[in-house]
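S.K.: Below are the chains, spelled out letter by letter.
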Amino acid sequence: MAIPRLLADAEKGNEILEAVVIRFVGDSGDGMQLTGTQFTDTSAMFGNDVATFPNYPSEIRAPQGSLYGVSGFQVHIGSIEVSTPGDNVDLLVAMNPAGLKTNLYAVKPGHTIIVDTDSFSKKNLEKAKYDSNPLEDGSLENYRVIEVEMTSLTKEALKDIEGIDNKSITRSKNMFALGMVYWMYHRSPEYTIDFLNKKFRTQPLIAEANTKVLNAGYYFAETLELIPNSYTIAPAKMEPGTYRIILGNTATAWGFLAAAEKSGLELFLGSYPITPATDILHELVKHKHFGVKAFQAEDEIAGITSAIGAAFAGDLAITTTSGPGLALKTEALGLAMMIELPLVVVNVQRGGPSTGLPTKTEQSDLLQALYGRNGESPVIVIAASTPANCFEYAYQASKLALEHMTPVILLTDGYIANGSAPWKIKTVAEMPEIRNNKVTGNGEEWHAYDRDEETLARSWAVPGTKGFEHRIGGLEKDQVTGNVSYVPENHEFMTKIRAEKIKRVENYIPDLTTEFAGEGDVLVIGWGGTYGALHTAVKQLQEEGVDTIGFAHFNYINPLPKNTEAILGKFKKIVVCELNNGQFAKVLRIHFSRFEFLQFNKIQGLPFGNDELIQKFKQLLPK
Amino acid sequence: MMETTTEEKYMFKDFVSDQEVRWCPGCDDYVILRSLQKALPEMGVRKEDVVFISGIGCSSRFPYYMDAYGMHGIHGRAPAIATGVKLANPDLSVWVITGDGDSMAIGGNHFIHVLRRNMDLNIILFNNEIYGLTKGQFSPTSLVGQKTKSSPYGNTQPPFLPGELAIGAQARFFARIGGNMPKEMTQIFIEAEKFKGTALIEVLQNCVIFNNGCFSKYTDKTVRDDQQLFIEHGKPMLFGKDREKGLVLNGLKLEVATIGENGVTQEDILVHDAKEQDPTLHQMLVRLEYPLVTGIIRSFVDVTLGEREDALTAQVKADSEFTKTDDLFFSGETYVVK
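Taken in order, these protein sequences are the chains called A and H.
Residue 2 is where the first sequence starts when you use this note's numbering, and the numbers rise one by one after that.
Residue 704 is where the second sequence starts when you use this note's numbering, and the numbers rise one by one after that.
Pulled out of the complex, with its shape left as it was, chain A reads as follows:
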């Protein structure tokens, strides 16, 4: 992320910024996720573009004050387009020494750190493995450190409220920090006060205490000479409409809700808890009022096989998982492909292989999604690329599955699944139609593998439909009668027609587009969740005057968009950027062997950073 440019001194002590990155860190119990979310929502309502990313420990309640118990929430807000949660931070709010220690690396030199000095006790410093107090030993001299006795000030603010326990008092100190940050960025605390009143409707004392502390923090910052500046970030230019801030996993879940309603089918989810996909299950179990049947199964295999059963019985059936879970679902996915039923499998990718890095992001399940089954077993593979467009691609996955009678794997990843961003709300009415292949008539002369001439999709006769009683299964079937067949030529024919069916999906998906240069020296290629980082980097180069670098991002992996080859041919160099060891580059080499595909790979469980991308692209551009 480029350091926000100073546009003008509007008045003394008030700077106008284009964008800012803030990170709130503290103990898992300090309420940092809530603090960050509140700042995000308030900024979004003010009209800023926003992108967020949480970072919490995998331990549920790690020991207080420990380095591995630090919970963080990063938010990037801007008056300009914001495509990532940002790399380095302009403001770090550290509620304890462990939070400071584990996050200091991310603070840009010269920028601001707010600390709760009350938490810098000898004991907490020891827990954070500090040999000396960083507030005193000069190690922070490159930063603007604002020391606040936050715990004491919180207690002081609440001294007049009777009947509130000590624990509740200390727990509300996150509101003090939030109040300060609101003042610094010219944000009204009003929205959060409303929120607190709603959240603690049944505990008015808690609501009052939190509000009081929030206001105390706000006024403290206003009067404090230690804070020399406040900052204004003007509303961003965004397409008119009604928006909300949405998490990637929520957007995925809602895409399925919309697809079910549009298609007139009931939604069935078979799922087994796995990080970082479980929030989709959490979301869908809430929506029984829409007739959603969300079934928490006994294992990953039962998750997908129950969904296959539901698909057989006529539901829009989905299963959600992450890498190791997809591995377990492999055999069943082959069955769904063989019996040609509509099914969506969501893989929220995480660091692999094996258990790998469950809470970290990676794009290393692409080859598993494409090829990880026995036999010739093609399925549609698509990938969402932002938290908000998880909605579109979940919807699109459902549409493709139903219209083409095939399993579809939807790839997202931990980064976009747990990230949030503004989503311009779509009504179901404005979403594209979804057909399905359910049979009509009386079933005479009907066979299970009768196909649509255009799509090659077979028809869908669900139990309960008179006259269409039939049997399907994992054994190879005769192309005409649908009965079990071991005839050699028939197997070859069926293998090829199943492949052709998937290939023809290319006629039903949008063309690949390029951003920035449409031809020239370097084509940057990405797929899935890296869109924000790649887009931001190429855009920055373009703003710096480079007009020969283009960017093509893939959401459709199998089949690939029909015009892919034409676009590849317009650039002298092609670099495929992925958070893996080169999986999509391999796929492109298989399809388009006449091109040379350079690679830029990162396999650290982390998203791309802006600086490393810029540096790489500059190397590739002519001197």
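Hints were generated in silico from the structure; no laboratory data involved.
Possibly wrong hints are sitting among the right ones.
Examples of chain H residues lying across from chain A (beta carbon under 10 Å, computed) [as the list claims (entries may be wrong)]:
#1 S763
#2 G773
#3 A781
#4 T1026
Covered by chain H, according to a simulated footprint, are these stretches of chain A (three or more residues, beta-carbon under 8 Å) [unchecked claim]:
#5 45-55
#6 266-279
#7 290-298
#8 303-313
#9 405-417
#10 527-535
Just so it is clear, CB atoms sit at the ideal spot from N, CA and C, and this is done for glycine as well.
Fit chain H to the known structure of chain A by using the hints.
M.R.: Quick look at chain H alone, frame taken from chain A:
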């Protein structure tokens, strides 16, 4: 149990598919197939509402031979597939066809969980104490010492007793029947369909090729009356050619007593209560080696998963402010950009 009944009268041949049956000649699977084809017209279900789901193994070819809806699934997963079918459409009559390897080895997890949940499904377990389709390896019900292709010196793994495992996993309905008793089997299938909840029927199915005679000490017509106790709800547990023997409870053990000996009268003989919630006596009946207890051993009516889900869904719907997804999307914290 199906609520819908049909005007249409079916014959057993209405459920016979056009596929040639390919089991070995003499296999008990033929008896099971024909018994079910005879039972279905008696159940009052519409043919288009009947669904057979199977896994892998000899028994799992079953759906191909039934003229109904069917899916030949993958090894061990039929209970999970069937759960999805039934949750998607509760009006269907869903049957799981499985074997001892399919249900208790590779599919053990799904088997215990489907029983625990009490979905309204029927499961027919073809137990032949051997792997047939892979040509003769020991299964989870093979006996210790049994010589098979994968245990040439004798099997060293102690077997599961399907009924014991099932009732341990909270099966509400468990029946056991010999593969050579089509009349009783047909009746049990009808009772299973009537039962609301997961009904498990273990068929002692002779494999003529790889484990011939495995149950003959109980099922042969010459010994059957003396070795088997066919149990019926509300009736005394009597067996023997002249029904002169019966079961009594002695402490924590079931014992065989003969009426007229040692002062034992008919009143001393236990009366079968299949509907009792407490499974203790049902487990003892399942475990008994002499006589082998067959018939419906347990039939305890309990709330089904479907009923729980339906009640919850109705409640959530009644309380919800949402009827369309748009209501949800525009609910809560939204903001307008002009």
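S.K.: The structure should be examined with respect to each hint, and the outcome stated for every one.
M.R.: So, going through the hints one by one against the coordinates:
1. Annotation: H/S763 was flagged as interfacial toward chain A, and the flag holds, the nearest CB pair being 9 Å apart, inside 10 Å.
2. For H/G773, the interface hint holds, the least distance from its beta-carbon to any beta-carbon of chain A being 4 Å, beneath 10 Å.
3. For the restraint placing H/A781 at the interface with chain A, the shortest Cβ-Cβ distance is roughly 8 Å, inside the 10 Å limit, so the hint holds.
4. Evaluation of the H/T1026 hint against chain A yields a held restraint, the C-beta minimum of about 7 Å falling below 10 Å.
5. For the segment 45-55 of chain A, the stated coverage by chain H holds: 3 residues have a C-beta nearer than 8 Å to a C-beta of that chain, and at least 3 were required.
6. Counting residues of the segment 266-279 of chain A whose CB lies closer than 8 Å to any CB of chain H gives 3, which reaches the minimum of 3, so the coverage claim holds.
7. Interface restraint, the segment 290-298 of chain A with chain H: holds (6 residues with C-beta to C-beta distance below 8 Å; minimum three).
8. Here the segment 303-313 of chain A counts 9 residues with a CB under 8 Å from a CB of chain H, which clears the bar of 3, and the coverage holds.
9. For a cut-off of 8 Å, the count of residues in the segment 405-417 of chain A with a CB near a CB of chain H stands at 0, and the three-residue condition is violated.
10. Only residues whose beta carbon comes within less than 8 Å of a beta carbon in chain H count, and the segment 527-535 of chain A has 0; fewer than three means the coverage is violated.
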